[in-house]
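Trainee: Line by line, the protein sequences are chains A, B and C. Basically the numbering used here = 1-based index in the first sequence + 88. Basically the numbering used here = 1-based index in the second sequence + 46. Basically the numbering used here = 1-based index in the third sequence + 4.
Be a bit skeptical, because a hint or two may be false.
As the list claims (entries may be wrong) - If the Cβ cut is set under 7 Å, some of the chain B residues that face chain A in the computed set are: (1) ASP189; (2) ALA218; (3) ASN222; (4) ALA223; (5) SER229; (6) ARG232.
Claimed, not checked - Which chain C residues stay away from chain B? Per the calculated CB distances, all over 10 Å, these: (7) ALA62; (8) GLY118; (9) ALA127; (10) ILE241; (11) GLN267; (12) GLY277.
In case anyone wonders, no lab produced these hints; they're calculated from the structure. Using N, Cα and C, we set each Cβ at its ideal position, and we do this for glycine too.
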Amino acid sequence: MTLLRLTNVEAGYGDVNIVSGIDLDVSDDEIVTVAGTNGAGKSTIVKATMGLTPRCAGTMTFGGVDLRRRPAEDRIRLGLGYVPQIANVFMTLTILENLKVVECVSDFTARCAEMFDLFPILATRRHAKASALSGGERQQLAIARALMPRPKLIALDEPTAALSPALVAQVFDIITQLPKMGVAVLIVEQRARQSLAISDRGYILDSGRIVMNGKASDLLADARMAELYLGREDEPSVDTGTP
Amino acid sequence: MNGSLFYLNLVMNGLVQGLVIGLAALALTLVFAVARFPNAATGDLMTVGAYAGIGVQALNVRSVIVQGAAAILACSVLAIGQYWFVLRYLRGRGLVSLLLASIGLALATRGALSFFVGQDQYLFNTPIMRPYVIAGLRVQVVDLWLAVASLVCVTATFAMLFLTPVGRRMRAIADNAELARASGIRMQRVMIPLWAAVGAICGVAGMILGIKTVVLPEAGWHILLPAFAAMVLGGLGNPIGAVVAGILLGVVQELSTPFVGFTYKIALSFIVLAVILTVRPQGLFGSAEVVR
Amino acid sequence: MLSYLIAILIVTGIYALLTQALNFHYGFMGLINFGHVGFFAIGAYTSALLTLSGHSIALGFVAAIVLAALSACPLGLLALRLREDYLAIVTLGFAEIVRVVIVSEDWLTRGTQGLANVPRPFASLGASGQEIAYLGLVVACNVLAAALIARLAYSPFGRLIEAIRDDETAISTLGKYPAGAKLRVFMVGAGIAGLAGALYAHYITYVVPDQFVPLVTFYVWMAMILGGVGSLPGSFIGAAILVALLEGTRFIRDLLPGVMEIQMASVRIFLIGVGLVLFVLLRPQGVMGLRVRT
Ligand SMILES: Nc1ncnc2c1ncn2[C@@H]1O[C@H](COP(=O)(O)OP(=O)(O)OP(=O)(O)O)[C@@H](O)[C@H]1O
Ligand SMILES: [Mg+2]
Chain A
89 MTLLRLTNVE AGYGDVNIVS GIDLDVSDDE IVTVAGTNGA GKSTIVKATM GLTPRCAGTM
149 TFGGVDLRRR PAEDRIRLGL GYVPQIANVF MTLTILENLK VVECVSDFTA RCAEMFDLFP
209 ILATRRHAKA SALSGGERQQ LAIARALMPR PKLIALDEPT AALSPALVAQ VFDIITQLPK
269 MGVAVLIVEQ RARQSLAISD RGYILDSGRI VMNGKASDLL ADARMAELYL GREDEPSVDT
329 GTP
Chain B
47 MNGSLFYLNL VMNGLVQGLV IGLAALALTL VFAVARFPNA ATGDLMTVGA YAGIGVQALN
107 VRSVIVQGAA AILACSVLAI GQYWFVLRYL RGRGLVSLLL ASIGLALATR GALSFFVGQD
167 QYLFNTPIMR PYVIAGLRVQ VVDLWLAVAS LVCVTATFAM LFLTPVGRRM RAIADNAELA
227 RASGIRMQRV MIPLWAAVGA ICGVAGMILG IKTVVLPEAG WHILLPAFAA MVLGGLGNPI
287 GAVVAGILLG VVQELSTPFV GFTYKIALSF IVLAVILTVR PQGLFGSAEV VR
Chain C
5 MLSYLIAILI VTGIYALLTQ ALNFHYGFMG LINFGHVGFF AIGAYTSALL TLSGHSIALG
65 FVAAIVLAAL SACPLGLLAL RLREDYLAIV TLGFAEIVRV VIVSEDWLTR GTQGLANVPR
125 PFASLGASGQ EIAYLGLVVA CNVLAAALIA RLAYSPFGRL IEAIRDDETA ISTLGKYPAG
185 AKLRVFMVGA GIAGLAGALY AHYITYVVPD QFVPLVTFYV WMAMILGGVG SLPGSFIGAA
245 ILVALLEGTR FIRDLLPGVM EIQMASVRIF LIGVGLVLFV LLRPQGVMGL RVRT
C-alpha cells in the first residue's frame with residue numbers, strides 16, 4: 089500500500105524552484121533510493137517532504153493525509169522520521185537527552201532499551217555529549233533518534249556519508265532490517281550502487297527533475313544510467329552483506 | 047594598605063553591579079539562543095520590574111520578597127505578552143526584523159511606563175543595617191541578600207535548562223532548530239515558558255538594580271548596553287559565560303571609575319568588548335560550553 | 005507658513021541623507037549598523053567646533069565627512085571579523101561611546117551645555133533667502149550622495165558588493181577579497197552620515213548631546229523600512245513619511261487636552277515604539293527587500 093506519495097511537487101529556498109515536477113511514492117514495506125549528482129536536489133526533496141523548505145507546492149500525502157496542511161513539527165506525529173544529511177543530532181545534548189527530546193514516544197524506557205539493543209555503542213556512552221561521538225556513532229544516534237517514535241517511514245539523507253567502509257556496511261545492514269520492523273525507508277545516497285542493491289525501487293534525479301525511475305535491479309542493469317549516474321563499476325565498493 | 051582596601055571595596059561594589067549585568071545578560075542569552083535575536087526590550091523589562099516593586103512598596107508592603115514576587119510576575123506577564131502579540135509573528139523573519147521589533151517594544155514600554163510614573167525617581171526603603179566589616183572590608187548586609195537572590199535566580203534558570211523536559215527542548219532548539227522541528231518540538235510550548243523565565247530573571251535583575259540605585263524610567267535601558275557586551279563576551283548563546291562576563295564587567299567598570307570617571311562607565315564595557323573581540327572574535331567563553 | 009514648509013523640507017533632506025547612508029550600509033551591503041547616530045554626531049560636532057574656532061564652513065563640512073568616515077574605519081575593521089549579530093551590538097555601543105565622550109570631554113565640547121551660535125551659511129541673503137539657499141544646499145548634498153551611491157552600486161564595485169552579499173565565501177575563494185569592499189562601503193556611508201551631521205549643526209545652529217541619542221538611529225531605520233530596504237528613491241520617500249509622522253505627533257498634543265507637557269515626551273516615545281512594531285509587522289516587504297542572510 090502506498091504510504092508516501094508526492095505528485096508534481098516543486099520546492100526551493102528562494103524565488104526559484106530547486107526541484108520541480110517530482111512524482112515519487114514509497115509503499116509501506118519498501119526501501120526506495122533517490123540517487124543523483126551533487127546538487128541535483130535530493131536533499132531538497134526530502135526536506136520538502138518534512139516541511140522544512142521555505143517554498144513547496146504540489147500534492148503530498150502520507151497515509152492518505154494531506155501533508156501540506158501539517159507544519160513540520162506535526163509530521164512526526166503522522167509517523168514520518170527524518171535523519172538530515174548534516175547536523176543530524178543535537179551536538180550539545182547527551183545521547184540520552186537526544187533520545188528523550190523526541191516527541192510522541194509512547195513508552196520511553198522500553199523504546200530506549202530497544203534502541204540500545206540495536207545500537208549497543210550508544211548504551212555504553214549514554215551520558216556522553218553527542219559532540220564527543222565519532223562520525224559513525226553519531227550516525228547511529230541520528231538513526232536511533234529518528235526511530236524513537238516508531239515511525240512508519242524514515243527518510244535517511246546520506247546516512248553513510250563520511251563513514252569508513254566497515255561502518256557503511258553496518259549502516260546498510262541496519263537499513264535492510266527496517267522494513268521487517270514495519271518501517272519503510274526513503275534513502276538518499278551517493279553510493280547509489282550499494283544503496284540500490286538493498287532497495288526495491290529507485291529514482292534518479294538530475295538538475296531537480298526525475299530522469300529515471302523503476303525497480304532497483306533494472307536501474308542497476310541499465311548501462312546508460314550506470315555510466316551517467318552510478319560511477320564506474322570497478323570503483324572500490326564494499327560488500328553490503330554481513331561477513 | 048588603605049589603597050588596596052579602597053580597591054577591594056570597589057570590587058565588592060562591582061560584584062553587585064555585575065550581578066545585575068550578569069542577570070540581564072542571562073535573560074538576553076536565553077532569548078538569543080532559542081529565538082535568535084538580541085532582545086533590546088530586556089532593559090525596559092527590568093525597569094518595569096523595579097517599578098512593580100516600588101508599586102507594592104507604595105501599598106505599604108515592606109517585604110522585599112513580596113515586592114520581588116510582584117516584579118517577577120509583572121515582568122513575566124509583560125514578556126509573555128510581548129511574545130504573544132508581536133514576536134510570535136516574526137518567527138523566521140531574520141535578525142533585523144526581530145531586533146527592530148524589540149526596540150519598538152522597548153520604546154513603547156518605556157513611554158507607557160513614564161507616562162504613568164513620571165520622571166521622578168523612587169527609592170526602595172531597605173532597612174539600614176550595619177555592614178559587616180571583615181579586616182576593613184565593608185560588606186553590606188543588603189548586598190549579601192542580593193547576591194543570594196541572584197544565585198537562586200541563576201540556579202533556578204540552570205535547573206530549568208538542564209533538569210526539566212522544557213529546558214531540554216529549549217536547548218534542543220538552541221542547538222539545531224530545524225532538527226528540533228523534525229523531532230516534533232512545538233515552538234509555542236517552549237516559547238511561553240522561555241519568556242516567563244526571561245521575565246522572571248528581568249524582574250529579579252530590576253529589583254536588584256532598583257535597590258542598589260534609584261528607580262528611573264531609563265534605569266534598565268542603561269543596563270542594556272553592558273548586558274549586550276556581556277552576552278557577546280560570554281560567547282553569544284552561552285548562559286554560563288554571560289553571567290560570568292556580566293560579573294567581570296561590573297567589577298571592571300567599578301574598578302575603572304577612579305581613573306576614567308563616572309560617565310565613561312558605559313563606554314568602558316564596549317571598549318573591553320572591542321578589545322577582546324579583536325583578539326578573540328568568538329568571545330571570552332565562545333565555543334566552550336555553548337548552548338546553541 | 006512657507007518658512008515652516010522650508011524648515012520641514014530641510015529636516016526631511018537631512019533625514020533622507022542619513023537614510024541613504026544607512027541604505028548603502030544595510031540595503032546594499034547587509035552591514036547591520038545600529039550606530040548611525042554616532043557618525044551623525046561626529047559630523048555635527050566636528051563642523052561646529054571648527055567653524056566656532058574661526059575656520060570656514062566649507063572646511064567644517066569636509067572635515068565632518070572625513071572624520072566620520074575615518075571613525076568608521078576601526079569599527080569596519082572589527083566588523084569584518086565578526087558575525088552580523090555582533091556588528092549590531094558593537095555599532096550600538098560605538099554610538100553610545102561617541103555620546104559619552106561628547107558629554108565627558110567638556111573642555112572641547114562643553115559637555116551637556118553643548119555648543120551654541122554655530123554659524124549659518126548664506127547670511128548675506130536675508131532671512132528667507134538664507135532658508136531657501138540652505139534648502140538648496142541640502143538638496144545638492146542629497147543629489148551628490150545619491151549619485152555617489154548609485155555610481156558605486158552599479159559599477160563593477162557594485163556587482164562585487166552584490167556578489168559578496170549573496171555569497172561571501174564564494175567570492176573570497178575566487179580571490180576577490182571582500183574585506184576591502186565592505187570597509188569602503190562602511191566608510192562611505194559613515195561619511196555621508198557625517199555630512200548630514202554638519203548640515204544639521206549649521207541649520208539648527210547649536211549642538212547638545214541630547215540630540216544624538218540612539219533614538220535617532222531607530223528613526224533612520226524606520227525611514228529605511230518605510231521606503232523599502234535597498235531602494236534609493238525609497239530613502240527619500242521613507243524620510244518624508246518619517247518626518248510627517250514625527251511632526252504629526254506634535255498635533256496629538258491638541259487631541260489630548262488633559263496631558264501635561266512633560267508627559268507628551270512619554271506619549272511620543274510610546275507612539276514611536278508602537279509605530280516601529282507595526283511597521284515591522286505589517287510592512288515585511290520593506291524589511292525583506294533585501295535577501296536576509298542567515
Ligand atoms: N538552504 C538553502 N538555501 C538556498 N539554496 C540551497 C539551500 N540548500 C540547498 N540549496 C541549493 O539547492 C540545490 C540542491 O541542493 P540539495 O542539497 O538538494 O542537493 P543534493 O542533491 O542533496 O546534493 P548533495 O549530494 O551534495 O547533498 C543546490 O544548488 C544548492 O545550492
Ligand atoms: Mg544532499
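Trainee: A separate judgement is required for each hint: does it hold in the structure or not?
Mentor: Cross-check of the supplied hints:
no.: 1; hint: ASP189; in the structure: 34 Å, violated
no.: 2; hint: ALA218; in the structure: 5 Å, holds
no.: 3; hint: ASN222; in the structure: 5 Å, holds
no.: 4; hint: ALA223; in the structure: 10 Å, violated
no.: 5; hint: SER229; in the structure: 5 Å, holds
no.: 6; hint: ARG232; in the structure: 5 Å, holds
no.: 7; hint: ALA62; in the structure: 32 Å, holds
no.: 8; hint: GLY118; in the structure: 15 Å, holds
no.: 9; hint: ALA127; in the structure: 36 Å, holds
no.: 10; hint: ILE241; in the structure: 18 Å, holds
no.: 11; hint: GLN267; in the structure: 5 Å, violated
no.: 12; hint: GLY277; in the structure: 3 Å, violated
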